Amino acid sequence: MSTVQQPTDVDVPAAGDTAGIGQAFRDYLARVRGGDIGSLPAVLGLIALVILFSALEGSTFLSIFNFANLINQSAAIIVLAMGLIFVLLLGEIDLSAGYAAGTAAAVLAVTLTNWGWSWPLALAAALLTGVVIGFVIGLLVARLGIPSFVVTLAMFLALQGLMLLIIGEGGTIPIRDDAILVIMNGNMPVWLGWVLALVIVAGFALSTFLAIQRRRKAGLPAEAMSVWAAKVVALAVLIGVATYLLNQERQLPNAKITIQGVPWVVPVILVLLVGLTFILQRTGFGRHVYAVGGNREAARRAGINVKGLMITCFIFCSTLAAVAGVLLASRDNSVSPTTGGAQTLLFAVGAAVIGGTSLFGGRGKIRDAVIGGLVIAVIANGLPLITQQSGIQFVVTGLVLLVAASVDAISRRRASATGA
Amino acid sequence: MTTDTPLLSLKGINKSFGPVHVLRDVDLDVRAGRVTALVGDNGAGKSTLIKGVAGIYPFDSGQVLFEGSPVSIGGPKQANALGIEVVYQDLALCDNLDVVHNMFLGREVKSGVTLDETSMEKKAAETLKGLSVRTLKSLRQQVSSLSGGQRQTVAIARAVLWNSKLVILDEPTAALGVAQTEQVLALVRRLADNGLGVILISHNMNDVAAVADDIACLYLGRMAAQVEASEVDNRQVVELITTGRSGDLGLQPEVAAAGGAV
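These protein sequences, in sequence, are chains A and B. Residue numbers for the first sequence follow my numbering, so the first one is 1 and each next one is one higher. Residue numbers for the second sequence follow my numbering, so the first one is 421 and each next one is one higher.
The following block holds chain A by itself, in its conformation from the complex (with noise of 0.2 angstroms):
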């Protein structure tokens, strides 16, 4: 027998807390250079690209009116990016999201508008074109083993038909449904504002400050109260300035109609952040994305049904992408051949790529899509107000996104150089 070499690294896990703050942004930066590198660029890029829009374009750029139309320009992308992310994460691609979004967006006006559907109805009708969408490819994909890429990209050309066909020979359907316009065009009273603001600190706080009592209560190492605290601090900070600033009133100073509030489709996206957000970090089914993402064979052997599971993640992507095309609707008014098309794809995959999500699968997270979608709307929204030229806008679009791809290439290649 052997003899039981004395092992030189540090215990496993003695249990008890780390020590605060300090320690936590230390095991920060040691994972951050690890490779774990997570939304921290493209949290920088936002900073530095508000900045710069600042000092050369202030007045305008700064502005009250120009911030809701911030979230207003990148919330349909956001919700795409979102759905783009299941199907990213399994280390495949859908490239037919943007019109995915724009069928399902014409079968809400068609049904809405032309056969008099009630709204729940034609919304119903709207997402389960999605599902459908979704399953089709999923079916395609993992029973025939086709490439999501050659799959999506004849779906790209064949939803383009069928919104077509849907849409008809007018070419463009009005919207009148007040309670689709809302979401887009309307804004929650100022006190409600507030309310969710308090809602979303406290249930962060809540459900943090229990999850740190859990591990504590089984003697696992939790996070510092301290840590804890800097964290709830921050968010409170974050969120009350966002609430503050759409709470102002935006409307020229002689108008005679008042616009101020919290835009309705922000607690949208947050519901949709937290949920699926929840379903992918915290339900065996998100567990099973994961590994599929990162050992597709270690995931089979282990007797995880890697089919399902791919046709599912499909499922997601294009329902939420019909999410995003009724979005797109309520923001236009009306649907016409070209909802969810032209760049509406490549910004949600840029998104999700610049707010961190590997496009070799198994990394990325939901908040990704925010984070990635702002960027990209900041970008969107800033530098008209610099150049008129859309060459240069279409450049640095391309630019932000190749920078991503290769934060991406670069912190993979770190993560596997590190494990040797």
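Hints are computed from structural coordinates only; laboratory data are not their basis. You may find that some hints are simply not true.
Simulated DEER-style distance windows between Cβ atoms [to be verified]:
no., chain 1, residue 1, chain 2, residue 2, range
1, A, 386, B, 529, 39 to 45 angstroms
2, A, 385, B, 509, 57 to 63 angstroms
3, B, 531, A, 208, 17 to 23 angstroms
4, A, 147, B, 673, 53 to 59 angstroms
5, A, 213, B, 480, 38 to 44 angstroms
Given the structure is predicted, the values throughout are model-derived calculations rather than measurements. Using N, Cα and C, we set each Cβ at its ideal position, and we do this for glycine too.
Assemble chain B onto chain A, guided by the hints.
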């Protein structure tokens, strides 16, 4: 240490793939609390034998006794239910998940719809402690940040987590450096000392000499010999592997020669 009934006992196992007769009348006994090294050259049938025990495919004929009673292992799930776990050479770990997630992959503990992270982490920590593993900084670090030896440790700990009785290790030290090999072998030894039956597949005679209690040597699909490790030396084992016999041990000369001619 030796108990009377072997934990796993294979009798007269045959397995063919089409015209290729891979295993011929193989007998093997694995006892609890002992490390049984399964050695043999490439193509001797080690993997086929192991995959049959793991339930990947059925044997054509022969009897499998587990804890003294005959069983038929119809699939990997059934093997797991009996308490048989296999650690394959590629480990089958997800780099992007942490140690706890990997140990419970596919068999997560849940409370309602949510994952019960605290009880999983607790159980993982207990299992690692039971194996005297002290080389992991945190159970929440991603597997991608672990060294080869630490990965092997996680894979083995995963196999032990489920009250398993028989752990089969396929070339656990093949990709490791000297110090890490030492650590993994010590871990293998501890598995047996904790009362588990261990089958260790290895090409490395030093590893076999270091931890094995029994040595079973396959030669071209036949069990050349199953002997106590203390009764043979390195040279004899190598002879058994390469020619199927060594002195009085091993196959009859004509069988060995016939086998070699196939």
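Comparing the hints with the structure gives:
1. 386/A <-> 529/B: 39 to 45 angstroms: Distance hint for residue 386/A, residue 529/B is violated at roughly 54 angstroms.
2. 385/A <-> 509/B: 57 to 63 angstroms: holds, 59 angstroms
3. 531/B <-> 208/A: 17 to 23 angstroms: holds, 18 angstroms
4. 147/A <-> 673/B: 53 to 59 angstroms: With a Cβ separation near 56 angstroms, residue 147/A and residue 673/B satisfy 53 to 59 angstroms, so the hint holds.
5. 213/A <-> 480/B: 38 to 44 angstroms: Given range 38 to 44 angstroms: violated, Cβ gap about 57 angstroms.
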